[in-house]
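K.L.:
So the chains spell out like this:
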Amino acid sequence: MSSDPLEIPDVLKPIENLLKGVAIMKPGRVVALLESSDVVKAYVALKARYGETGLYFSTLVATDLKEEGKIRIDYYINVLEKNQYVVLRTHVPRDDPRIESLLKEAPAALPGECEAYDLLGVIFEGNPHLRRAFFVPEEVAGKGIFPLRKDAGV
Amino acid sequence: MTEEVSKVDKVVEIPMTVEIPVGPQHPAVHEPILIKVYAEGEYVVKAEAYTGYNHRGIEKLAEKKSFYQDIFLCGRVCGICNAVHADCYVRALEHILDKEPPPRAKYLRTLVMELERLHSHMLILAVTAEIVGFDTLFMHMMRDRELIMKAKEIVTGNRVLADYIMVGGVRRDLNTEKIDKLKKILAKVEPRIRHYWRVFEEDVTLNKRLVDVGRLTPAQVTSHGLLGPVARASGIATDSRYHDAYDAYAEVPFRIVTRREGDCMARSLVRFEEMQVSLEICRYILNHLPGGEAVPDERRLPRRFPEGEAFTTVEAPRGELTYYVMSKGGVNPYRVKIRTPSYNNVINTVPFYVGHTIADVPAILASYDPCISCMERVTVIDSRRGIRRKVSMRDLARGEA
Numbered sequence: 000m001s002s003d004p005l006e007i008p009d010v011l012k013p014i015e016n017l018l019k020g021v022a023i024m025k026p027g028r029v030v031a032l033l034e035s036s037d038v039v040k041a042y043v044a045l046k047a048r049y050g051e052t053g054l055y056f057s058t059l060v061a062t063d064l065k066e067e068g069k070i071r072i073d074y075y076i077n078v079l080e081k082n083q084y085v086v087l088r089t090h091v092p093r094d095d096p097r098i099e100s101l102l103k104e105a106p107a108a109l110p111g112e113c114e115a116y117d118l119l120g121v122i123f124e125g126n127p128h129l130r131r132a133f134f135v136p137e138e139v140a141g142k143g144i145f146p147l148r149k150d151a152g153v
Numbered sequence: 016m017t018e019e020v021s022k023v024d025k026v027v028e029i030p031m032t033v034e035i036p037v038g039p040q041h042p043a044v045h046e047p048i049l050i051k052v053y054a055e056g057e058y059v060v061k062a063e064a065y066t067g068y069n070h071r072g073i074e075k076l077a078e079k080k081s082f083y084q085d086i087f088l089c090g091r092v093c094g095i096c097n098a099v100h101a102d103c104y105v106r107a108l109e110h111i112l113d114k115e116p117p118p119r120a121k122y123l124r125t126l127v128m129e130l131e132r133l134h135s136h137m138l139i140l141a142v143t144a145e146i147v148g149f150d151t152l153f154m155h156m157m158r159d160r161e162l163i164m165k166a167k168e169i170v171t172g173n174r175v176l177a178d179y180i181m182v183g184g185v186r187r188d189l190n191t192e193k194i195d196k197l198k199k200i201l202a203k204v205e206p207r208i209r210h211y212w213r214v215f216e217e218d219v220t221l222n223k224r225l226v227d228v229g230r231l232t233p234a235q236v237t238s239h240g241l242l243g244p245v246a247r248a249s250g251i252a253t254d255s256r257y258h259d260a261y262d263a264y265a266e267v268p269f270r271i272v273t274r275r276e277g278d279c280m281a282r283s284l285v286r287f288e289e290m291q292v293s294l295e296i297c298r299y300i301l302n303h304l305p306g307g308e309a310v311p312d313e314r315r316l317p318r319r320f321p322e323g324e325a326f327t328t329v330e331a332p333r334g335e336l337t338y339y340v341m342s343k344g345g346v347n348p349y350r351v352k353i354r355t356p357s358y359n360n361v362i363n364t365v366p367f368y369v370g371h372t373i374a375d376v377p378a379i380l381a382s383y384d385p386c387i388s389c390m391e392r393v394t395v396i397d398s399r400r401g402i403r404r405k406v407s408m409r410d411l412a413r414g415e416a
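For the protein sequence lines, the chains are V and C, in the order given.
By our numbering, the letter at position 14 of the first sequence is numbered 13, and the numbering carries on one by one without gaps.
Just add 15 to wherever you are in the second sequence, counting from 1, and you've got our numbering.
Hint data in this document are derived by calculation from the structure and do not stem from the laboratory.
Only a predicted model underlies this, so the values are computations on that prediction, with no experimental measurement involved.
Check the hints yourself; a few may be wrong.
Stated by the list, open to error - Reference listing, derived: stretches of chain C covered by chain V, where coverage requires no fewer than 3 residues with Cβ under 8 Å from a Cβ of chain V:
1. 81–89
2. 358–365
To be verified - Derived lysine-lysine pairs resembling DSSO-like cross-links, with alpha carbons at most 27 Å apart:
3. V/142 x C/75
4. C/51 x V/103
5. C/51 x V/25
6. V/69 x V/19
7. V/103 x V/142
8. V/142 x C/114
9. V/65 x C/51
10. V/25 x V/12
By construction, the Cβ of each residue, glycine as well, lies at the ideal position given by its N, Cα and C atoms.
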């Protein structure tokens, strides 16, 4: 991934003031680095600019970065109007992973948020559907294990 | 309708078990999902999804296996669209390695993925016919689907699990004899597909069961992240083949099929038209196959991968499939995330059952193409009399529950 702090791609203009950095992920995905408290604001701003049918929420990827003591959360948004994938990337602390839920703005985030909670223990505040054993079998979830954490031991 | 249903005091709870073949931290080849539908009288008033019956932990497993072993693992996420899974994963690896497959390999990958789209669409359209009670059509379509399976076998060597795509190319090449055989098969299949297409358009029963049922607006589609034929049937022109122009899609002519109606019938007709487009793509590829090598020398592939990450998408038969692969260097991936189209299309559409009749639920579910094979367990609860009994999905669809 290469960083170029000087240039802000066109597609990110609506969230220019929230950006902490910009990067490119292969192949050609625009990565917007954000504070965890700004993700919902950024999505609202993108939706306001491109319209409700001009983009859709595609994928939520949560990754355990154990060595850095963080969990990275990536929101992949397909901006149909620009034919461009935008990645909203943020980090939350590993010992207390909390972030505002995107569910009110993007109902499409439902399975992604439920899965990230069940597998990595990220709490999406405001999502009433979070529960253990959404995907993980009861016997694992019952022990309080989050299997995708690097130290889960599964 | 609300006034009408509020007079009815009987609550029927219908949990249905379906099988969606989605990715890793998620389902298995046949993952059962429970959709609990609460109905008052004939009408659905509430629906809930329960998942996690057969979670295989593929994402975790992928972190423990090598980059190359994971190609086979990803191919086994889904039995029906295994080549698209492998293609999406392999392209992510190729981006991390900065490697580009030769043109001939790109065309052959595209050919296999289009054959897969053909047999997958034929399967779900046949199942749709069966769900609404048209068993003969199901049998006929499944018979003709075998021709496509044969074509896939000719190209990949396997009828179902292709394991065809490898880093830097494909595993087998085509010769003139095989190309002729494939052309003959395509010529035989095309009139059959046109025939079934006409049956769907003209048959009274199919029209009664599918037209105006399960209608989705364009805004519902984008806000709920619905993908593939479901989105295109509501007028949203989303297609990864166009967005990402991967493999040979940058060179092969094709069009995005959309309709405006947004109902179950529109979703079926989008699939029929897409099959027509797929046949055209296959024929184009067979006539314009570039020369050169397609099969790389496996021994020359690097065992260790550099640090890097890639996010690839592919237009699977059910919609956009995405893979995120992260490497911290070494022989194993640090993170593999798979988001299959059924993941969005099945879980996110649960609220849209509300307001439809119980008999419409299976038809709507089938129109989302959730890869049905074990939805045959349904429980009906009569809360007034405290009776609980299980019925098959077919009885339910026919109003015999």
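K.L.:
Taken at face value, is the distance from the CA of residue 51 of chain C to the CA of residue 65 of chain V at most 27 Å?
P.N.:
38 Å, violated
K.L.:
Compare the distance between the alpha carbons of residue 142 of chain V and residue 75 of chain C with 27 Å, and conclude whether the hinted pair is satisfied.
P.N.:
This hinted pair holds, its Cα atoms lying about 18 Å apart.
K.L.:
Is residue 25 of chain V close enough to residue 12 of chain V, meaning Cα to Cα at most 27 Å?
P.N.:
21 Å, holds
K.L.:
Hey, residue 69 of chain V versus residue 19 of chain V, does the alpha-carbon distance stay inside 27 Å?
P.N.:
17 Å, holds
K.L.:
Just to be careful, I want the Cα atoms of residue 142 of chain V and residue 114 of chain C compared with a cutoff of 27 Å; is the pair within it?
P.N.:
Violated, at roughly 43 Å.
K.L.:
Would you check the hint for residue 51 of chain C and residue 103 of chain V, treating anything up to 27 Å between C-alpha atoms as holding?
P.N.:
Holds, because 23 Å separates the two Cα atoms, which is no more than 27 Å.
K.L.:
Holds or violated: the segment 81–89 of chain C covered by chain V, criterion of 3 or more residues with Cβ-Cβ distance under 8 Å?
P.N.:
violated (count 0)
K.L.:
Verify the proposed pairing of residue 51 of chain C with residue 25 of chain V, using a straight-line Cα cut of 27 Å.
P.N.:
40 Å, violated
K.L.:
Under the criterion that the straight-line Cα-Cα distance not exceed 27 Å, is the pair residue 103 of chain V, residue 142 of chain V satisfied?
P.N.:
Roughly 31 Å separates the two Cα atoms, so the pair is violated.
K.L.:
Please verify the coverage claim for the segment 358–365 of chain C: does it have three or more residues whose C-beta sits within 8 Å of some C-beta in chain V?
P.N.:
Satisfied; 4 residues make the cut.
Consistency with the previously given hints fails for numbers 1, 5, 7, 8, 9, ordered from lowest to highest.
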